[in-house]
Amino acid sequence: MTTMELNTKQVLVTTDDSQLRQIVAANADGILVVDGDGVVRFLNPAAASILGRRVEALVGQDFGYPVLRTERAEIDLHHPDGTHQIAEMRVVDTEWESGPAQLVSLRDITEHRRAQQALRDAEAFNWAILNALTVHLAVLDATGTIVAINDAWRAFARENGDHELRHTGIGVNYFTVCQHATGEHTNEASPVLKGMRDVLVGKLPLFELEYPCHSPTEERWFVLRVVPLRGERPGLLIAHTNVTEQRRMARAVAEAEVLRERLRALERELQNFDRISAGELAQSRRIAAVPMRQRAPLAFSQGVERYRALLEEALQYRAKQTPLPVASLRELGERLGTYEAAPRDVLDLHLAAVRAAGAEAPPARQHAYLEEGRLLVLELMGHLAAHYRSKAVGRTGDPDDTTSGQI
Amino acid sequence: MSTAVVKIVLHLYVAGRTPRAERAIATLRHICERELANFECDLVIVDVLADPQLAEARKILATPTLIKEQPAPSRRIIGDLGADPAELLAALNLPPVSPEAQLSTLP
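Chains as they are written, first to last, in the numbering used here: chain A, 130 to 536; chain B, 289 to 395.
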């Protein structure tokens with residue numbers, strides 16, 4: 130090799146080295162070379178910046194010999210001012226000044242990790258809300274596969290025999306479940322499947338269906354509601370809401386309305402008798418204007434006690450599945466009639482007795498008093514009406530019967 | 289028998305009890321109990337968030353950092369401490385070679 134050739138090669142090496150150093154210096158990632166003892170032999174300005182120290186303070190410093198599970202690891206970097214950052218560290222074997230060394234690159238991932246944590250927090254927050262709901266919720270992807278469920282969904286599945294969530298858990302295709310539905314849900318499966326698909330393709334804004342889902346021990350009703358997922362990924366949100374209580378209340382309201390209507394009919398009947406007994410009309414009106422509770426308090430409280438005792442008796446008879454003997458309730462009706470009781474007095478008496486009976490009773494017993502009381506008050510009202518009817522007939526007499534009115 | 293009196297002192301610097309720190313602690317405990325079972329092994333965990341002065345005095349640049357304080361020479365390791373105990377022990381120059389063993393290797 131000539132002298133000229135040697136000089137040319139040295140110039141090339143120097144140029145390459147200089148260019149390489151420029152590239153390394155300009156690199157946004159921190160780059161360090163540590164020797165076999167873990168001592169920093171070289172670093173670029175980005176590495177000094179990530180480590181929060183000056184280049185001169187770090188050269189010759191014991192950084193540590195890197196030992197990693199894989200080719201990369203996350204480490205926390207601690208600055209002299211107490212702040213710290215998260216970095217991804219990558220390590221490859223290299224040589225430095227003819228000795229073995231490690232080339233360490235450090236990438237600041239603090240913001241990335243913070244953003245990830247914020248996302249995780251937001252997701253945890255959302256799921257905390259969804260898990261607090263009693264509605265059973267599942268998220269399906271566009272193929273019908275369940276991708277997420279809330280705690281209520283999970284608990285309901287387990288309570289109903291799907292302990293391992295094999296049929297209703299994440300990963301199961303809900304469309305397939307509907308396609309192969311058997312037993313009591315066969316009738317709903319087909320419209321549900323169509324409804325879900327229509328919502329998915331945008332034919333329907335939402336789909337709702339009320340269906341029975343009785344357990345061996347209780348009658349249950351649910352409403353299925355399907356809405357599309359609003360976002361970039363198409364999918365569905367499935368919600369099953371237990372509406373048994375609402376249905377029960379709606380039925381109770383309907384029953385109460387029937388009861389009220391029957392009471393109104395009885396009241397009208399009583400008023401008719403009142404009008405018929407024209408002779409005592411003025412006095413009756415006066416009496417009826419004052420509630421029995423005020424004008425005959427002792428008789429009223431005796432009536433409440435008697436009614437309460439009859440209510441207890443009625444419950445015992447019901448347990449034996451035999452009807453309450455009519456005579457005792459008729460007797461109370463007639464007794465109230467002698468005090469010129471009006472329908473509202475009967476209702477007053479009924480409410481006072483039910484309230485007193487249920488005051489310290491457990492909820493199930495209170496419910497039984499209400500149920501039985503509904504029938505009893507109607508019957509009592511009937512007896513009172515019958516009493517007035519017989520009285521009125523006795524007073525006015527049948528026009529064709531000359532003997533009537535002389536009882 | 290002479291190996292039993294050699295004391296190994298390891299200081300592990302972590303930042304809080306994160307899963308990363310817990311994994312490093314578990315790795316070291318495992319090594320102390322198995323690979324270094326014949327030695328008196330003293331493992332000290334230092335939380336740099338709880339004791340920043342100590343971390344700065346020892347010039348801890350990053351965590352997890354493991355320092356073998358004893359036996360000399362001191363040795364510093366950085367990273368998640370790897371998955372292979374043999375690799376970590378080799379990097380720490382552990383287990384220490386007893387004087388008898390050193391003599392026996394002489395020609």
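If you are wondering where the hints come from, they were derived from the structure by calculation, not from laboratory data.
Treat each hint with caution, since some may be false.
[To be verified] Subject to a maximum C-alpha distance of 20 angstroms in a straight line, what follows is the list of computed DMTMM-like cross-link-like pairs (lysine to aspartate or glutamate):
| hint | chain 1 | residue 1 | chain 2 | residue 2 |
| --- | --- | --- | --- | --- |
| 1 | B | Lys-356 | B | Asp-335 |
| 2 | B | Lys-295 | B | Asp-330 |
| 3 | A | Lys-332 | A | Glu-374 |
| 4 | A | Lys-323 | A | Asp-237 |
| 5 | B | Lys-356 | A | Glu-508 |
| 6 | B | Lys-347 | A | Glu-508 |
| 7 | B | Lys-347 | A | Glu-185 |
| 8 | B | Lys-356 | B | Glu-328 |
| 9 | A | Lys-520 | A | Glu-489 |
| 10 | B | Lys-347 | A | Glu-463 |
| 11 | B | Lys-295 | B | Glu-310 |
| 12 | B | Lys-356 | A | Asp-164 |
| 13 | A | Lys-323 | A | Glu-337 |
| 14 | B | Lys-356 | B | Glu-310 |
| 15 | B | Lys-347 | B | Glu-328 |
| 16 | B | Lys-347 | A | Glu-361 |
| 17 | A | Lys-449 | A | Glu-384 |
| 18 | B | Lys-356 | A | Asp-191 |
| 19 | A | Lys-449 | A | Glu-463 |
| 20 | B | Lys-356 | B | Glu-344 |
| 21 | A | Lys-332 | A | Glu-361 |
| 22 | A | Lys-520 | A | Glu-441 |
| 23 | B | Lys-347 | A | Asp-291 |
| 24 | B | Lys-347 | B | Glu-357 |
Right, here's what the structure says about each hint:
1. B:Lys-356 <-> B:Asp-335: Since the Cα atoms of Lys-356 (chain B) and Asp-335 (chain B) sit roughly 16 angstroms apart, the hinted pair holds (cutoff 20 angstroms).
2. B:Lys-295 <-> B:Asp-330: 7 angstroms, holds
3. A:Lys-332 <-> A:Glu-374: The given pair, whose Cα atoms are some 32 angstroms apart, is violated under the 20 angstroms limit.
4. A:Lys-323 <-> A:Asp-237: It is violated: about 51 angstroms lies between the C-alpha atoms, which goes past 20 angstroms.
5. B:Lys-356 <-> A:Glu-508: 94 angstroms, violated
6. B:Lys-347 <-> A:Glu-508: At roughly 93 angstroms apart (the allowed maximum being 20 angstroms), Glu-508 (chain A) and Lys-347 (chain B) break the hint.
7. B:Lys-347 <-> A:Glu-185: 15 angstroms, holds
8. B:Lys-356 <-> B:Glu-328: Holds: Lys-356 (chain B) and Glu-328 (chain B) sit about 13 angstroms apart, inside 20 angstroms.
9. A:Lys-520 <-> A:Glu-489: Violated. Lys-520 (chain A) to Glu-489 (chain A) sits at ~40 angstroms, over the 20 angstroms cutoff.
10. B:Lys-347 <-> A:Glu-463: Distance of about 102 angstroms is beyond 20 angstroms: violated.
11. B:Lys-295 <-> B:Glu-310: With a Cα-Cα distance of about 24 angstroms, the restraint between Lys-295 (chain B) and Glu-310 (chain B) is violated, given a limit of 20 angstroms.
12. B:Lys-356 <-> A:Asp-164: 17 angstroms, holds
13. A:Lys-323 <-> A:Glu-337: Holds. Lys-323 (chain A) to Glu-337 (chain A) sits at ~12 angstroms (cutoff 20 angstroms).
14. B:Lys-356 <-> B:Glu-310: 19 angstroms, holds
15. B:Lys-347 <-> B:Glu-328: Outside the cut-off at roughly 27 angstroms; violated.
16. B:Lys-347 <-> A:Glu-361: Between Lys-347 (chain B) and Glu-361 (chain A) the Cα gap is close to 49 angstroms, so the pair fails against 20 angstroms, i.e. violated.
17. A:Lys-449 <-> A:Glu-384: With Cα atoms ~24 angstroms apart, Lys-449 (chain A) and Glu-384 (chain A) exceed 20 angstroms; violated.
18. B:Lys-356 <-> A:Asp-191: 13 angstroms, holds
19. A:Lys-449 <-> A:Glu-463: It is violated: about 27 angstroms lies between the C-alpha atoms, which goes past 20 angstroms.
20. B:Lys-356 <-> B:Glu-344: 17 angstroms, holds
21. A:Lys-332 <-> A:Glu-361: 18 angstroms, holds
22. A:Lys-520 <-> A:Glu-441: Violated, at roughly 30 angstroms.
23. B:Lys-347 <-> A:Asp-291: Measuring from Cα to Cα gives roughly 57 angstroms; hence the hint is violated.
24. B:Lys-347 <-> B:Glu-357: Distance ~14 angstroms between Lys-347 (chain B) and Glu-357 (chain B) Cα, so the pair holds.
Of the numbered hints given earlier, the model fails hints 3, 4, 5, 6, 9, 10, 11, 15, 16, 17, 19, 22 and 23; all others are met.
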